[in-house]
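**Student:** Each chain, written out:
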Amino acid sequence: MPYRSWVSVEVNGRQHRIELDHRTTLLEVLRDHLDLTGAKRACDRGECGACTVLLDSQPVYACHLLAMQVRGRSVVTIEGLAEQPDFRPVLEAFVANDAGQCGFCTPGFAVAAYAALQRYPTASEVQIRWELVGHLCRCNAYEKIVAAVQEASRRRLGVS
Amino acid sequence: MSADLAVVGTAIPRLGLTDKVQGKARYTADLKRPGMLYGCVLRSPHAHARIVHIDVAEAVRLPGVHAVLTYHDVPAIRLDADLLPLDAIVRFVGDEVAVVAAESETLAGDALRLIRVEYEVLPAVFDAEEALRPDAPTVHPPGNLVGGKALVVERGNVAQSFPEAARVFEGTFRTQIHAPVGMETRAALAEWQGEFLTVWKTSRAVHANDRQTLARVLGIPLAQVRVICTNMGGGFGNKDESRLAVLVALVARQAGRPVRLEYSRTEEFIAGRNRQSSHTHLRIGVRQDGTPTAIAMRSIMNAGAHVASGMQVTRRTGQGALYLYTCPNARFEGLTVYTNRPAGGSFRGLGAPLGHFALEVLIDQAADALGIDPLDYRLQFHVTDAGQPGQRTTPVDQLLPDEPVEGGVPFSSNGLRECILAGAERIGWRQRHQPNGVATGVLRRGLGMALGIYKGGIGREAEAEVRITPAGRVEVHTGNVDVGQGSTTVLAQMAAEALEVPVDLVDMVMADTAVTPPAPITAGSSTTITSGMAVKLAAEDAKRHLLERAATLLQAPAVRLEAGQLVSVEGPSQRLDLAAAVAGLPGDIVGTAQVTSGSTTHLINAFAAHFAEVEVDMQSGRIRVLRYVAAHDSGRIMHPRMAENQVSGGVLQFLAIALREELYVDPHSGVTLNPSLLEHKCTSIVDFPPIEVLFPAPPEPLGPYGAKALGEPPVVPVLAAIANAVANATGVWLHEAPFTPRRVLQAIREQGKS
Chain A
1 MPYRSWVSVE VNGRQHRIEL DHRTTLLEVL RDHLDLTGAK RACDRGECGA CTVLLDSQPV
61 YACHLLAMQV RGRSVVTIEG LAEQPDFRPV LEAFVANDAG QCGFCTPGFA VAAYAALQRY
121 PTASEVQIRW ELVGHLCRCN AYEKIVAAVQ EASRRRLGVS
Chain F
1001 MSADLAVVGT AIPRLGLTDK VQGKARYTAD LKRPGMLYGC VLRSPHAHAR IVHIDVAEAV
1061 RLPGVHAVLT YHDVPAIRLD ADLLPLDAIV RFVGDEVAVV AAESETLAGD ALRLIRVEYE
1121 VLPAVFDAEE ALRPDAPTVH PPGNLVGGKA LVVERGNVAQ SFPEAARVFE GTFRTQIHAP
1181 VGMETRAALA EWQGEFLTVW KTSRAVHAND RQTLARVLGI PLAQVRVICT NMGGGFGNKD
1241 ESRLAVLVAL VARQAGRPVR LEYSRTEEFI AGRNRQSSHT HLRIGVRQDG TPTAIAMRSI
1301 MNAGAHVASG MQVTRRTGQG ALYLYTCPNA RFEGLTVYTN RPAGGSFRGL GAPLGHFALE
1361 VLIDQAADAL GIDPLDYRLQ FHVTDAGQPG QRTTPVDQLL PDEPVEGGVP FSSNGLRECI
1421 LAGAERIGWR QRHQPNGVAT GVLRRGLGMA LGIYKGGIGR EAEAEVRITP AGRVEVHTGN
1481 VDVGQGSTTV LAQMAAEALE VPVDLVDMVM ADTAVTPPAP ITAGSSTTIT SGMAVKLAAE
1541 DAKRHLLERA ATLLQAPAVR LEAGQLVSVE GPSQRLDLAA AVAGLPGDIV GTAQVTSGST
1601 THLINAFAAH FAEVEVDMQS GRIRVLRYVA AHDSGRIMHP RMAENQVSGG VLQFLAIALR
1661 EELYVDPHSG VTLNPSLLEH KCTSIVDFPP IEVLFPAPPE PLGPYGAKAL GEPPVVPVLA
1721 AIANAVANAT GVWLHEAPFT PRRVLQAIRE QGKS
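Chains as they are written, first to last, in the working numbering: chain A, 1 to 160; chain F, 1001 to 1754.
It should be emphasised that the hints constitute simulated quantities derived from the structure, not laboratory data.
Since the structure is predicted, the reported quantities are computational estimates derived from the model, not experimental observations.
Glycine included, C-beta positions come from ideal geometry on N, C-alpha and C.
Among the clues, some could well be false.
Said to hold, decoys possible - Per the computed footprint, the stretches of chain F lying under chain A, defined by three or more beta-carbons under 8 Å from a beta-carbon of chain A, are:
no., segment
1, 1011-1022
2, 1178-1191
3, 1670-1679
As the list claims (entries may be wrong) - Covered stretches of chain A (in silico footprint by chain F; criterion: 3 or more residues with CB under 8 Å from a CB of chain F, positions within the stretch not fixed):
no., segment
4, 34-41
5, 57-67
6, 106-116
7, 138-152
As the list claims (entries may be wrong) - Pair ranges (Cβ atoms, derived):
no., chain 1, residue 1, chain 2, residue 2, range
8, A, 88, F, 1026, 19 to 29 Å
9, F, 1061, A, 126, 30 to 40 Å
10, A, 17, F, 1575, 31 to 41 Å
11, A, 88, F, 1384, 25 to 35 Å
12, F, 1563, A, 86, 28 to 38 Å
13, F, 1006, A, 17, 52 to 62 Å
14, A, 22, F, 1055, 28 to 38 Å
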């Protein structure tokens, strides 16, 4: 029989108590229990990056964590970032550079780009690419994505 | 054609992208309905078997399970000639056997393990040539050759012409299974309200395919079926079959609750309708000076267990050979073959990239043997806007086909020459191209090129409605699905241009059969030219009504539009905004249009010329792409940044397909061996240099605002461009894709070039 428990998770600054099967991943909690569908389930195996969220400010694959593992830690999803003023440069740069086509991988890229620039505000093109190497885009909008992150970097630094 | 356009041709922000970046755009698997259950599919472990007995009693009893369907529980009404909703015979490893609906996906998965199936394993066949033998196991009666005979199209007479050719070149080429790998996996959500069904689905054709099929198979009137696609996470010519929608509708009806079913990534690889492999034999006969006089291609396509659009895939394999070079005699023979491999279907470009691989490599080999620079050979012999020699066969009052065989008909536009010259200059062909195989050392560099010819996007019917609302907004209704190619934006641009209003007044309403007029499947790169023409004409119709209404209200002899306002020609102080024009009317001001795109006098096709520079490591067999230039003729470019993204995206997608992507199906068991993103490596952000994109051609006279197809053309020349660059670098000809290090080393050894 599956084990079930009540689990407390903090997502986008709010506490949630959820009764769930121990096999539930963080991704399932976000999408099925909290209706936060910005993190996508594209592979469910940690191979594509479309489910990326921030765990204590670090980008992680939500599909690769069990809900039980994030008790007492802070999860921020794309929906949370979208409310933050310091995400604006990333949002505006992505739209200005056409950094998405079908858009399915885009939230994952945006979360990772935000985290990369927090860590490396003056990241070079090569650094940007390797920071984002864990994200697949089958539309292959990669060049626009790189240009967007470069512009976001400039916007954040107040450089034109 | 006016060169002064206000909205078309400008790089406005892609509509919907802001929501997509913020995670606010809802895709099918993001949707929930009250009381929704989760669906899961039980799949066959055998490549070919008969279900002797299937026992679902234990699965049904599991708490939280609400419905289980087997082939006993579904209508025996065919979705396609070779496809039932569920069948007593399974024909590939991964074929659907049963569907479960339960309160969570985990529970549904637990239920699958409780279903007991007794199979009678049948002999299976996986190789297309073996499947054609008379003693081969039959995948579908009466036999494994789809349609019972080869597809043959011919212009002139190749049998007579080959013996007269001064030289004949021939070659055999192979490609493997290509998986489309859209980032979004297939999903459908079905909800019944009484006898009324709503299905949200990852669909390219809410009107054309899904709604029609659901009504027919479920036996309910069309008016009782509503199909919606909110956003689509990647089409790439895939996701157009309807079995998923039908099964989810049936299990929802049985459960009495909405059901959402989402394919896992593994299922998407195995059961996602991949482009099947090909084996092509090509002969080109030329005169002493190289002029082509006879071209004959024969392709055997392994369609897998169900054919879907496989016949069209096959037909398109031959189109380059039939039409890219001026030649009075050309023949294509295509055999589409059933095997017990996973079911095939559409993927961007259908057979065109495969056929162009064979054609453009053999053309390079011919030029090499004749001592002619491959650039000069192509400049001299590519098909021109005069079209092919010969006699027109299509009746003069009928629309000409998108994939012609006949001669005697000109193109409306043909930018091959502009593309070749612009691309050659950009890559520096004249300064840098060397004879094949002169490079030395372990790392050898070379330049290669390939051309492409593709459908222009015509031949379908589409409708559109443009409504000017009391709020002063312009609503464009079209049944089209934006699969990520940006049709939402392009169609909005066309509506705004035609109505002479700012594009931010436009709201797009798409892909909901309850509120949008019928549109064809988003396929064949046809949306811009076909739905675009419908939107343009509907907007012009709405404008006529709007101007009349404004003239009445302003009591002016005539009115014109200026920056979204209606202004009397008699005096600019007399003006109205759109809302004021509609106020007082019982409803919206509406314009409509219905079009069948195409021409009775001219062929409409899109063209491309690609140039690649590679470096080949002669010891490891690895190919590094150093530069890639893609020059495209797609008429007037509707949106420069989106168009560049599309071409760059298509080339990057196909570079990994050229160098490493293949789906391995075990030749003994039929098991798909690498159905994961880790084991099937698509292009990543660090693999290739930036793609240099050029649009050197003039507008298309017959397309709306001069547009024609762009979605698929970028992938057509890629395999050949890389192969030809490798040949230039090493003197070695690659005839089998993908060009993995193993195949490159094998070719080096076999052709004595180590």
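**Student:** If a hint holds in the structure, say so; if it does not, say that too.
**Tutor:** Hints and how they fare:
Coverage of the segment 1011-1022 of chain F by chain A holds. Counting CB-CB distances below 8 Å, 9 residues qualify, and the rule asks for three or more. Coverage of the segment 1178-1191 of chain F by chain A holds in this model, with 6 residues showing a Cβ closer than 8 Å to a Cβ of that chain against a need of three. Counting residues of the segment 1670-1679 of chain F whose C-beta sits closer than 8 Å to any C-beta of chain A gives 3, which meets the bar of three, so the coverage hint holds. With 7 residues having a beta carbon nearer than 8 Å to a beta carbon of chain F, the segment 34-41 of chain A meets the requirement of three or more and the stated coverage holds.
Counting residues of the segment 57-67 of chain A whose beta carbon lies closer than 8 Å to any beta carbon of chain F gives 0, which falls short of the minimum of three for the stated coverage. Counting residues of the segment 106-116 of chain A whose beta carbon lies closer than 8 Å to any beta carbon of chain F gives 3, which meets the minimum of three for the stated coverage. Coverage of a stretch by a chain is defined here by at least three residues with a beta carbon nearer than 8 Å to that chain's beta carbons; for the segment 138-152 of chain A and chain F the count is 9, and the condition holds. Checked against the given bound of 19 to 29 Å, the beta carbons of residue 88 (chain A) and residue 1026 (chain F), roughly 23 Å apart, stay inside it.
Between residue 1061 (chain F) and residue 126 (chain A) the C-beta distance comes to about 58 Å, which lies outside the given range of 30 to 40 Å. Between residue 17 (chain A) and residue 1575 (chain F), the C-beta spacing of about 59 Å breaks the proposed range 31 to 41 Å. Between residue 88 (chain A) and residue 1384 (chain F) the C-beta distance comes to about 52 Å, which lies outside the given range of 25 to 35 Å. As the Cβ distance of residue 1563 (chain F) to residue 86 (chain A) is approximately 36 Å, the hint placing it in 28 to 38 Å holds.
For residue 1006 (chain F) and residue 17 (chain A), the Cβ-Cβ distance of about 55 Å falls inside the hinted range of 52 to 62 Å, so the restraint holds. Range check, residue 22 (chain A) to residue 1055 (chain F): Cβ separation about 30 Å, and the 28 to 38 Å hint holds.
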